Amino acid sequence: MLPKNEIVLEARGLTKYYGDFLAVDNLNFSVRKGEIFGFLGPNGAGKTTTIRMLTALSPPSDGTAYVLGLDIRENPLEIKARIGVAPEISNLYDELSALDNLIFMCQLYGVPRKERVKRAEELLEIFNLKDKRNTLFRKLSKGMKRALTVASALVHRPSLVFLDEPTSGLDVLSARSLRMIMRRLRDMGVTIFLTTHYLEEADMLCDRIALIRSGKLVKIDTPEGLKASVSEGKSLEIRFRNGNEESLQELKKRMSPFKVTILNGERVRVYGDDIGEICERITKLSKELGMELADIFSFNPTLEDAFIELTGLSPIVMSIEKEGKVNVTG
Amino acid sequence: MSRDSLRCIFYIILKDMRTYYLKPPSISWGIIFPLAWTLAFYLRHPQTFAQLVPGMVAMTAIFSTTAAEAVVINFELRVGSMERLLLAPISPGGIFLAKLLGGFAFGFLMTLVVAIGSSLALGIHLNVPIFLLVLIFSLLSFASLGAFICVSVKEIFEAQTLLNLPRFIMIFLSGVITPISALPHYLQYISYLMPLTYTVDGFRHAISQATYQGINIWLDILVLLVFSLAFILPGRRMLERKFE
Ligand SMILES: Nc1ncnc2c1ncn2[C@@H]1O[C@H](COP(=O)(O)OP(=O)(O)OP(=O)(O)O)[C@@H](O)[C@H]1O
Ligand SMILES: [Mg+2]
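Read top to bottom, the protein sequences are chains S and V.
Under numbering that gives the first Met the number 0, the first residue of the first sequence is numbered 0, with each subsequent residue one higher.
Under numbering that gives the first Met the number 0, the first residue of the second sequence is numbered 0, with each subsequent residue one higher.
Just chain V, same shape as in the assembly:
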């Protein structure tokens, strides 16, 4: 990738942060929602709060990362600002990357805040390298998933609705609240098709360390990487098609 493109990507991320992400709607969608959700479960089973932390952090990751992708992608396509960006020395593929990395950066900030906050508050010991590794690949796959969904439709509301589908299904099926092993057998298959499953598993590794028996941590990371590529490559292509 050329220096020009890298510079454009950097400044597009910066601009999206400033104009869309670091605004009350994205912040509240990214943090308040997972917090409220976790609180609701905590009130039913107060003894298990520490158990809920990996799921809460994972939810923050997916909700914040995808919070404004419909706006940065569909809205900009609609009003022509995306076409404007394309006048600069950057390709449609580069813009696709810039847009998803914007979600990534915002997700990173928000998740870090929630993770640090809750581990300090609850005195949880975090394996930082493992946590960061899982976090980075998770954010990448969520951001790619979101961007892929956004470029596959036209309107903002379509993108928002379609984004909610995986977001909510994953809360129930990815071991955020109920462990996957407690799910009916046929649902477990679906669980393993969801990136969030590997995120939650990875975070449990980072928190519980040696005692936790789950999927191999490196497998988690590999699967998340595969998910990312599976969304990035066709998503990029679809955005390119829009400008032919």
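Extracted from the complex, chain S is given alone in its bound form:
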């Protein structure tokens, strides 16, 4: 058990029904002060629904959560005043400029009058939007809107921030700069609750990750812990220049006890942690079987492997998901 003051958010049996449909099912987890906590799951897993409950936007059907020590059922307004939220959709005011949107947020959150413009300008600078200062929100690009939406969650310098897919729709550079901003925030002691579709992003950024599927918590661990839990572990992929089905079958037999999967007529995958021994035996066997080694790649389990194994989703589903927001049900 961690000391109590280290926990900034605790979900206890958090549950949400929409009519008869169970969207979030009895979630129990806690978030520690100063960490980037990733909330990862396929489309429709219940990430946004969970964030909406945690940010006191919609009441849970059952269970509750304590945010900064306050019960979301009993102190919604106190919680809202103290947290920052960047929702899934960039829904600032179209008719206001970038600067005015931030100033309006400052007003809502009670930033002192004298500070407002300064704060807003500071955020525009940090998010590379300085030259869009006077541009109407509706005239910003999708990525700029996203960035401004995240910026607007920070006007009152909250110690806990919820970001619902902050980098979705951002180009590589903007996404990278946003990740840098998130790290900087963490270094300043801000706790970040982050949902994302990008597994690489979660891997790079998060201190701990909760995997959820169909509203249920599948597992919580560090990215390393999740990867280590993948049953197949490390592997080598080997391509032979003049391989054939028959020789590869023979190779598979003689590589025992290492597990070998034949990928096609010239490629195999060998699983095992002792890369040295695998290489040695492959070199020897390929000579004996009259094949010539063309390429060797080594693979570590990725977060994607862990995700696939733990959620039971097929790799195809994940690759579709990463391309864009295709809804996957079930």
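You may find that some hints are simply not true.
Said to hold, decoys possible - If you want the ones that stay clear, here's a sample from chain V, every Cβ over 10 Å from chain S, calculated: (1) Ser1; (2) Ile11; (3) Leu132.
What the hints assert, rightly or not - Below, computed lysine-lysine pairings styled on BS3-like, alpha-carbon distance capped at 27 Å: (4) S:Lys215 x S:Lys258; (5) V:Lys241 x S:Lys215; (6) V:Lys22 x S:Lys131; (7) V:Lys22 x S:Lys138.
Hints are computed from structural coordinates only; laboratory data are not their basis.
Quantities reported herein were computed from a predicted structural model and do not represent experimental measurements.
Ideal placement from N, C-alpha and C gives every residue a C-beta, glycine not left out.
Knowing the structure of chain S, use the given hints to seat chain V with the ligands on it.
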């Protein structure tokens, strides 16, 4: 209500004023329409212009107050800005109040302009305290009625259409042009179910003072208050439901 909520309400009103109300469409809907309407009647019966003033002021009050409620409520619900506001330390009920008070504030400005303008132009003596009292409770009931209608439907056009229904029926049945006593009996019952009836009556008190015989001024105010509450309470609840 907490300080946070009050602050949010204040700044939401300010923002709605700036982005929606103080724009040509709302201003023209709020002023030009009642003016044109009154002018049309004036041209038919030129001797009675002073008679028409209370009705014109009342029409300005209802049209300006409800001019942009469909936009500030339905449009914002649709594009998600309402949800955005809810992230701030304010409850859905607080947002409902902010939205209707925005209509109230705009209606107050516009009606004041029209009332002051016409009483100066026509040399009408206005009992200011009575006028303000009636005005405040009228605006409150119109703004609540409008907000109630808006939250009970989804789309902007539905809200606009539904808003027009009471607006136009009230012009005919609330003594704006024809006195209620001149209406057929069965229509008079309906008249007394309309907030605008009490507004027009109240304004006549404020203008004609002792000579006017109508409904008791305090009854006018009480009824307007009851109307306001009857729209605010369920309207608030309906908006809350949208976020569950
Ligand atoms: N207002 C609502 N009414 C009914 N069902 C809803 C509502 N909002 C969400 N759902 C359902 O709840 C489930 C979880 O939705 P949610 O938006 O939380 O998923 P998510 O994990 O955020 O997905 P995504 O990655 O696509 O953003 C989905 O099946 C969705 O259809
Ligand atoms: Mg979502």
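Earlier hints that do not hold, by number: 1, 2, 4
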